[in-house]
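J.: The primary structure of each chain is shown beneath.
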Amino acid sequence: MLKLKNVQTFYGNIQALKSVTIEIAEGEIVTLIGANGAGKTTTLMAVCGVVPPRSGEISFMGDPITGMEPDKIVSLGICQVPEGRRIFPYLSVAENLDMGAFLRNDKMEIKKDIEYVFDLFPILAERRHQAGGTLSGGEQQMLAISRALMAKPRLLLLDEPSLGLAPLIIKKIFEIIGKINAENNTTIFLVEQNANLALKVAARGYVIENGRITLTDSSKNLLANEEVKKAYLGL
Amino acid sequence: MDYFLELFLGGLTRGSIYALIALGYTMVYGIIELINFAHGEIYMIGAFTALIVISVLTLMGMNGIAMLVIAGVVAVMYSSAYGYTVEKIAYKPLRNAPRLSALISAIGMSLFLQNYVLLAQTSDFLPFPNLIPDFEFMEPYAHIIGSTEIVILITTAIVMILLTILIKFTRIGKAMRATSQDKTMAMLVGINVNRVISVTFIVGSATAAIGGVLIASHVGMINFYVGFIAGIKAFVAAVLGGIGSVPGAVLGSFVLGWTESFATGYVSSDYEDVFAFLFLVLILIFRPAGILGRSEKNKV
Amino acid sequence: MIKFDEIKRAVLVSIWFMFLTFPIMVIRVNPVEHIVEWRWKNMVLVGIGSFLLSFVWNYLMKRKELGSKEAEAGEETIKISLFHRALNEKKIYLPALVIFGIFTISFPFIFSMYQTTIMVTALIYVMLGLGLNIVVGLAGLLDLGYVAFYAVGAYSYALLNYHFGLSFWIALPIGGALGAIFGILLGFPVLRLRGDYLAIVTLGFGEIIRIILENWNEFSFGPSGIANIPRPPLFGMDLSVHGSTTYIYYIMIVLCVFTIFVVNRLQDSRIGRAWIALREDEIACQAMGIDKARTKLTAFSLGATWAGMAGVMFAAKTTFVNPASFTLWESIIVLCIVVLGGMGSIIGVIAGALVLVLTPEYLRAFSEYRMLAFGTLLVVMMIFRPGGIIPNVRRTYKFESVKNADKS
Amino acid sequence: MEPVLKVQNLGMNFGGLRALDDLDLDVCKDEIVALIGPNGAGKTTFFNCITGIYPPTDGDVFIFARDRDMPERINGLKPNKVTEKGLARTFQNIRLFPSMTVLENVMIGRHCRMHAGVLGAVLKGRSTVMEEKKAVEDSYTILEKMGLAQFVDEFAKNLPYGAQRRLEIARAMATEPFLLLLDEPAAGMNPNETQELDELIKQIRDKEGISILLIEHDMKLVMSLSDRIFVVDYGKKIAQGTPEGKKSRRAPRKR
Numbered sequence: 001m002l003k004l005k006n007v008q009t010f011y012g013n014i015q016a017l018k019s020v021t022i023e024i025a026e027g028e029i030v031t032l033i034g035a036n037g038a039g040k041t042t043t044l045m046a047v048c049g050v051v052p053p054r055s056g057e058i059s060f061m062g063d064p065i066t067g068m069e070p071d072k073i074v075s076l077g078i079c080q081v082p083e084g085r086r087i088f089p090y091l092s093v094a095e096n097l098d099m100g101a102f103l104r105n106d107k108m109e110i111k112k113d114i115e116y117v118f119d120l121f122p123i124l125a126e127r128r129h130q131a132g133g134t135l136s137g138g139e140q141q142m143l144a145i146s147r148a149l150m151a152k153p154r155l156l157l158l159d160e161p162s163l164g165l166a167p168l169i170i171k172k173i174f175e176i177i178g179k180i181n182a183e184n185n186t187t188i189f190l191v192e193q194n195a196n197l198a199l200k201v202a203a204r205g206y207v208i209e210n211g212r213i214t215l216t217d218s219s220k221n222l223l224a225n226e227e228v229k230k231a232y233l234g235l
Numbered sequence: 001m002d003y004f005l006e007l008f009l010g011g012l013t014r015g016s017i018y019a020l021i022a023l024g025y026t027m028v029y030g031i032i033e034l035i036n037f038a039h040g041e042i043y044m045i046g047a048f049t050a051l052i053v054i055s056v057l058t059l060m061g062m063n064g065i066a067m068l069v070i071a072g073v074v075a076v077m078y079s080s081a082y083g084y085t086v087e088k089i090a091y092k093p094l095r096n097a098p099r100l101s102a103l104i105s106a107i108g109m110s111l112f113l114q115n116y117v118l119l120a121q122t123s124d125f126l127p128f129p130n131l132i133p134d135f136e137f138m139e140p141y142a143h144i145i146g147s148t149e150i151v152i153l154i155t156t157a158i159v160m161i162l163l164t165i166l167i168k169f170t171r172i173g174k175a176m177r178a179t180s181q182d183k184t185m186a187m188l189v190g191i192n193v194n195r196v197i198s199v200t201f202i203v204g205s206a207t208a209a210i211g212g213v214l215i216a217s218h219v220g221m222i223n224f225y226v227g228f229i230a231g232i233k234a235f236v237a238a239v240l241g242g243i244g245s246v247p248g249a250v251l252g253s254f255v256l257g258w259t260e261s262f263a264t265g266y267v268s269s270d271y272e273d274v275f276a277f278l279f280l281v282l283i284l285i286f287r288p289a290g291i292l293g294r295s296e297k298n299k300v
Numbered sequence: 001m002i003k004f005d006e007i008k009r010a011v012l013v014s015i016w017f018m019f020l021t022f023p024i025m026v027i028r029v030n031p032v033e034h035i036v037e038w039r040w041k042n043m044v045l046v047g048i049g050s051f052l053l054s055f056v057w058n059y060l061m062k063r064k065e066l067g068s069k070e071a072e073a074g075e076e077t078i079k080i081s082l083f084h085r086a087l088n089e090k091k092i093y094l095p096a097l098v099i100f101g102i103f104t105i106s107f108p109f110i111f112s113m114y115q116t117t118i119m120v121t122a123l124i125y126v127m128l129g130l131g132l133n134i135v136v137g138l139a140g141l142l143d144l145g146y147v148a149f150y151a152v153g154a155y156s157y158a159l160l161n162y163h164f165g166l167s168f169w170i171a172l173p174i175g176g177a178l179g180a181i182f183g184i185l186l187g188f189p190v191l192r193l194r195g196d197y198l199a200i201v202t203l204g205f206g207e208i209i210r211i212i213l214e215n216w217n218e219f220s221f222g223p224s225g226i227a228n229i230p231r232p233p234l235f236g237m238d239l240s241v242h243g244s245t246t247y248i249y250y251i252m253i254v255l256c257v258f259t260i261f262v263v264n265r266l267q268d269s270r271i272g273r274a275w276i277a278l279r280e281d282e283i284a285c286q287a288m289g290i291d292k293a294r295t296k297l298t299a300f301s302l303g304a305t306w307a308g309m310a311g312v313m314f315a316a317k318t319t320f321v322n323p324a325s326f327t328l329w330e331s332i333i334v335l336c337i338v339v340l341g342g343m344g345s346i347i348g349v350i351a352g353a354l355v356l357v358l359t360p361e362y363l364r365a366f367s368e369y370r371m372l373a374f375g376t377l378l379v380v381m382m383i384f385r386p387g388g389i390i391p392n393v394r395r396t397y398k399f400e401s402v403k404n405a406d407k408s
Numbered sequence: 001m002e003p004v005l006k007v008q009n010l011g012m013n014f015g016g017l018r019a020l021d022d023l024d025l026d027v028c029k030d031e032i033v034a035l036i037g038p039n040g041a042g043k044t045t046f047f048n049c050i051t052g053i054y055p056p057t058d059g060d061v062f063i064f065a066r067d068r069d070m071p072e073r074i075n076g077l078k079p080n081k082v083t084e085k086g087l088a089r090t091f092q093n094i095r096l097f098p099s100m101t102v103l104e105n106v107m108i109g110r111h112c113r114m115h116a117g118v119l120g121a122v123l124k125g126r127s128t129v130m131e132e133k134k135a136v137e138d139s140y141t142i143l144e145k146m147g148l149a150q151f152v153d154e155f156a157k158n159l160p161y162g163a164q165r166r167l168e169i170a171r172a173m174a175t176e177p178f179l180l181l182l183d184e185p186a187a188g189m190n191p192n193e194t195q196e197l198d199e200l201i202k203q204i205r206d207k208e209g210i211s212i213l214l215i216e217h218d219m220k221l222v223m224s225l226s227d228r229i230f231v232v233d234y235g236k237k238i239a240q241g242t243p244e245g246k247k248s249r250r251a252p253r254k255r
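Chains as they are written, first to last, in the working numbering: chain A, 1 to 235; chain B, 1 to 300; chain C, 1 to 408; chain D, 1 to 255.
For the record, the hints were derived by calculation from the structure and aren't laboratory data.
Any given hint could be a false lead.
To be verified - Listed next, with one range per pair, are the computed distances between beta-carbon atoms:
no.: 1; chain 1: D; residue 1: 223; chain 2: A; residue 2: 227; range: 24 to 30 Å
no.: 2; chain 1: C; residue 1: 362; chain 2: B; residue 2: 2; range: 23 to 29 Å
no.: 3; chain 1: C; residue 1: 362; chain 2: B; residue 2: 6; range: 39 to 45 Å
no.: 4; chain 1: A; residue 1: 183; chain 2: D; residue 2: 16; range: 35 to 41 Å
no.: 5; chain 1: D; residue 1: 127; chain 2: C; residue 2: 264; range: 28 to 34 Å
no.: 6; chain 1: D; residue 1: 8; chain 2: A; residue 2: 229; range: 53 to 59 Å
no.: 7; chain 1: D; residue 1: 73; chain 2: C; residue 2: 97; range: 54 to 60 Å
To be verified - Calculated pairs, DSBU-like style, for lysine-lysine (alpha carbon to alpha carbon, straight line, at most 35 Å):
no.: 8; chain 1: C; residue 1: 8; chain 2: B; residue 2: 183
no.: 9; chain 1: A; residue 1: 171; chain 2: A; residue 2: 5
no.: 10; chain 1: D; residue 1: 220; chain 2: A; residue 2: 172
no.: 11; chain 1: A; residue 1: 5; chain 2: B; residue 2: 168
no.: 12; chain 1: A; residue 1: 111; chain 2: B; residue 2: 168
no.: 13; chain 1: C; residue 1: 3; chain 2: B; residue 2: 92
no.: 14; chain 1: C; residue 1: 3; chain 2: A; residue 2: 72
no.: 15; chain 1: B; residue 1: 92; chain 2: C; residue 2: 64
no.: 16; chain 1: A; residue 1: 3; chain 2: A; residue 2: 230
no.: 17; chain 1: B; residue 1: 92; chain 2: A; residue 2: 152
no.: 18; chain 1: D; residue 1: 6; chain 2: A; residue 2: 229
no.: 19; chain 1: B; residue 1: 88; chain 2: D; residue 2: 157
no.: 20; chain 1: D; residue 1: 6; chain 2: D; residue 2: 81
no.: 21; chain 1: C; residue 1: 41; chain 2: A; residue 2: 18
no.: 22; chain 1: C; residue 1: 8; chain 2: B; residue 2: 92
no.: 23; chain 1: A; residue 1: 111; chain 2: A; residue 2: 5
no.: 24; chain 1: A; residue 1: 230; chain 2: A; residue 2: 171
no.: 25; chain 1: A; residue 1: 152; chain 2: A; residue 2: 172
no.: 26; chain 1: C; residue 1: 62; chain 2: B; residue 2: 92
no.: 27; chain 1: D; residue 1: 133; chain 2: A; residue 2: 229
This structure is a prediction, so every number in the text was calculated from the model and none was measured.
The beta-carbon is built from N, C-alpha and C at its ideal position, and this holds for glycine as well.
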C-alpha cells in the first residue's frame, strides 16, 4: 500500500533520513521504533509531504506521491496524528473534529462518523464545546486520533501516541488503535519510542537509528532480538 | 453635549477607517506572523486606482454615486491583485526565513510601491472628488455628522459583518483559523496553506481598498505617501486591540479613533499622535498582548 | 535550453503584470485640469520587462534552491568560511587592515570635500548601525524607534550650546549619557513586551519624541529647528569649512574605531553571552539566574548611548538640527543597515551602512529611481541572501584554544 | 534530618482553576525526593511556583541555605533571584540555548556567580580576565563530571538527545545550587540512557552534596532513586511515603 524507497531528507545542513526503505501492506499495523532524533517523525512528515524528500521515491497504492502538496496527499487517504497531538487550541472539540473532515463534503456521513468517534471516546462528547487547548493530555490524544479518523483515512500514521501520558491512558489508547484497525480495516503505521507497547500491537516492525533502517522483522522476532531488547526494551 | 457627540462620532468615523485597514494587518499577522509593512501602500494604490477610474469616467460623462461604486469595485479588484502579487514575490520565498528578514522585505516592498506610484503618477497632492451627496434627511444633524461619515460608518459595518461571516462560517474561514493556530497541522488535515495565505492577503487588501476610497473622499485629496501614515496608524490600532485578533483590530481602531478625536477636540491637535502613542504604551503596560490579544502563556 | 513551459509561464507573468500596472502606469490623470493622458508605451515596456525578468527570477530561484542543496551537502561551509578564515589568517588580514587604514586616513586628501562629507554621513550611520546592532543583533530586541535617541543626542548638543554655550567636547559625553538615560526610560515600561509589540511601542516612542520636538516651540524651536551650531573646535582654532570637515571626518573615524572596539569586547563578555542567551530562551535564562530586566535595560541603554553620541556628531556636522531629520524612516534605515549587513556581525553592519548610505548618494544621477532601486534591493537581498551581506558567524568559545593559551 | 526546602500550604489559582491546593512538601539535606502523579496533576506548576516563574497564590516556600541557620521565605521572588539563592532547575521539554556551544551553555549557568559589568567587559582588566578564565575552567570541570567533556565545543542543538538532557543538568549545577529540581529528567530516554541517568543523579547527591527533588513518570527510576515519594493529583497531595511502602499500595488514581 505504502512504499518508501531510498528516501533522503534534510533539515538545513543536517541529513535526517539516509536512504529509508519501508513497505506497508493494506490492513497491516506496522511500527517504526527508534530513539529520540533517530528520524521517526521525519519519516512520517516525508510521507505526508510536509518535509519533501530530497531524493528517493514514495508511492501510495502504486501511484507516486513524492513531492506532492500535503493537502493532495491527505485527499488520497493518508492521515497523520502528529507528535505532541497538535490540537487547534482555540477551536472547540467539535470544530477540531470538523477540521479533520475538511476535505469531505458528505454531511450525513460526517455526522455518522462524529457519532462513531464519540462512541470510541465518550469523554469527547462531554467536552464537545470546550476549547481544544483546555483538554488534558490524554483527552487531547483522543481528540487527535478522532480528528484523523474524521478524514476516513485508508492509512493512519500515528506519531508517539503514548508520549507524556500516564500508563493507564496509554493502555486505553492502544486498545483503541487495535480496534480501529480491526473494525475499519484501516492500515496503521505506528511510530513509537515505547517499543514494548508498539511491538505488542503491531505485526511487523522497523528499527531506525540515526536516519537509517537498521533492522526489520516480525514483532515476535524483534521482541526476542538481543540488540532490540538491550537498546529499546530495557531488559 | 453636541460638541462631545460630534467628537464621539468623529472618532467613530476615524476608527472605522482605521479598522478597515487594521483588519488586513491583523489577518495577515494572524496567519504568517508578519507585519505587512506594505499594507498601507496597498490601501494607497486602491485610492489612486479609484481616482483614476473616476477621472476617466468623468471624461466619459458619468457622474454621481454610480461612478463611486464602479471606482470602488475596480479599486478593490486592483488592490487585491496587488496584495496577492506582493505576497507571492516578497513574502512567499521567505516563509521559512527569520522573521526580521521578512519584515525588511516588507519595508522594501513598501518603499518600492510608494516610489512606483510617485514615478508613474505624481508627487503632488491630487484632489479627490467627494461624490457622496448630502442626504436631505441628514440636514438637521449636519452640524454633528455629515453624509460622508454616515456612508463610512454603514459601509464599515457591512464589511465587518461580511468578514465575520466569512471567518466564522465559511470553509475558507475555518481553514484560515486553523492555519493561524497551527500551520503544519492545517496541512495535515488537508488544507492548502498557500492558498489560505493568498486568500488572506486578497481579503485584507480588499478591505483596505474600501477604506482607501472612503477616506480619500472624506479627506478630499491623496498622494503617494498617504498609505504609509495611515498604515502606521492602523498598525497601532491592530496592536492596541491585540494583533492577530479580528475583533481586537476593530476595537483597537475605535479606541484609537476616539483617543485622537477627543485629544484633538479638548487638548490640542498638535499632540494628537502623542496621545495616541502614549495611550498605546499605557495599554500595553497593563495588557502586554493588547486589549483582546491572547497572552501567550509560555509553557514551561 | 529554455523550455516551452518556461516561456508559457513568462508570457502569463507578463500578461499579469500588464494588467496589474495598467491603471497606474498607463493612465495619468490630472483632476484639476481634467486631463487624462494615455501612455500605452509603458504597457509594452512592462510586458517586455516582466517577460524577461520572469526568466531571471526563475533562474535565481533555482540557483537558490541548488545553493541550499549544496549547503546541505556541506560545501557551503567552505565557501562561507573562506572569508571568515581570511579574517583569522594574520598573513591576509594584517596587510589588508594596513592598506584599509592608510586608505581611510588619506581619504580626505585624495577625495573632494563633497566626498568627505558623504563619508562622514556614512560613518555616522556606521555608528548608529553598530549601536542598534547591540539591541537588535545581540539582544534580539526589535527597536523601531532608535532614531529617538539620535534626536536626543543632536538636540542636547544644540540646546546646551544655545543656552549655555557648552562646547562640542563636553556635549559629546553628555549626549551619550542622555541617550542612555532615555534608553532606560523607554526600556522600563516595555520590558514585558515581546517581539512585534516591542517594535510598535518603540516606534511610538520615536514618534512621540519627534512630535514633541516639532510642536514645543519654547523648548525646541519647533519645525524650524536650531541653526548655527558650532563645529567641533580644534585647540581654539577657527577652522575653515573644509578644514573642519576633515577634522570631523577624523573624529568620526576615531569614534567608529572606539565603537567597534567596545562592541567587540562586549560581544565576548559575560554580558554579551547573557544577551545571546536571552535571545534564545528567556525563561531558561531567568532560571539560570540572569536578571532579565537588567540585561535588557543594559542593551537598551548601551545602544542608545551610541545613538546619542552619533546625534551630537550629526548636529556638529550639519550645524543645524530640526525634527525633519528624525523621522521613522531614519529608524527603518538603521534597522535595514543592521539586517542587510548581517545581524550581529560587526563587519557586516559596517558594510551595510556603507552600501545603504553611499549607494543612494552615488545613484543621484538616477535620482528619480534611486528609492525605487533601494526598495527593490531590500527585497531581493532578503530573498537571495537572507543572512545579509556578511553573515555573522559567531565566535564561539573554543575550549581548547583557551587551554593552549594557558600553556603558552 | 535538617531540611533544605519546606513548602507549606502552597496554593495556586489560574483564573478560576485551582491548580495547586494546600500542598505541603519538604526536602532534607542529601535526600532525593520524587514527586509523582498523573498528567495535569500540577507537578510542573508546583515547580514553577517554587522557582518563581509563577508567584504562588497562597502558602509559603522556605529554604534553608547552607551558610544560614534561619529559614528564608522565597515566595514571589523573581526566578533569577531564586536561582541565586541556590535552587536550580531543569525543564520538562529541554530548554537549552541551541546555538550556543556546550561550554557556553554551562557558562551561562555560571553567570549569576560572576560579577563583571559593562565597564569590566570593555576595559578587560585583570580581575575580569581571571574571572572569565575561572568560569571556563569551572564549567569544563562540571562537563567532565557529567561525561560531556567530549562535546565541549559542539553546538547544544547538535548533541544527541540523552546528552542534551545531561547538559541541562550540568547547566543547572553550574549555578552552585544546594537543591536541584529535575522536571522529568528521563522523559524520552531509552532504557540504557535512563540507567546512566540513575547513576548520575545518585552521584550528584553523593559527591556534590546537592539535594534533589524530581518529577518523573518512569516508576522504575523513581523507585530506585528516591528516598521519599510524594503523590499529587488535582493539585492536592494524596499520599506520601518511602519506596518500599509505596510498592505495596495501589498505583496512582486512574482517569
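J.: Now tell me, hint by hint, if it's right for this structure.
T.: Here is how each hint holds up against the structure:
no., hint, result
1, 223/D / 227/A: 24 to 30 Å, "27 Å, holds"
2, 362/C / 2/B: 23 to 29 Å, "59 Å, violated"
3, 362/C / 6/B: 39 to 45 Å, "53 Å, violated"
4, 183/A / 16/D: 35 to 41 Å, "40 Å, holds"
5, 127/D / 264/C: 28 to 34 Å, "20 Å, violated"
6, 8/D / 229/A: 53 to 59 Å, "46 Å, violated"
7, 73/D / 97/C: 54 to 60 Å, "57 Å, holds"
8, 8/C / 183/B, "32 Å, holds"
9, 171/A / 5/A, "33 Å, holds"
10, 220/D / 172/A, "21 Å, holds"
11, 5/A / 168/B, "43 Å, violated"
12, 111/A / 168/B, "20 Å, holds"
13, 3/C / 92/B, "24 Å, holds"
14, 3/C / 72/A, "27 Å, holds"
15, 92/B / 64/C, "14 Å, holds"
16, 3/A / 230/A, "29 Å, holds"
17, 92/B / 152/A, "32 Å, holds"
18, 6/D / 229/A, "42 Å, violated"
19, 88/B / 157/D, "32 Å, holds"
20, 6/D / 81/D, "18 Å, holds"
21, 41/C / 18/A, "55 Å, violated"
22, 8/C / 92/B, "22 Å, holds"
23, 111/A / 5/A, "38 Å, violated"
24, 230/A / 171/A, "23 Å, holds"
25, 152/A / 172/A, "21 Å, holds"
26, 62/C / 92/B, "15 Å, holds"
27, 133/D / 229/A, "45 Å, violated"
The structure is inconsistent with the numbered hints 2, 3, 5, 6, 11, 18, 21, 23 and 27, although it conforms to all the rest.
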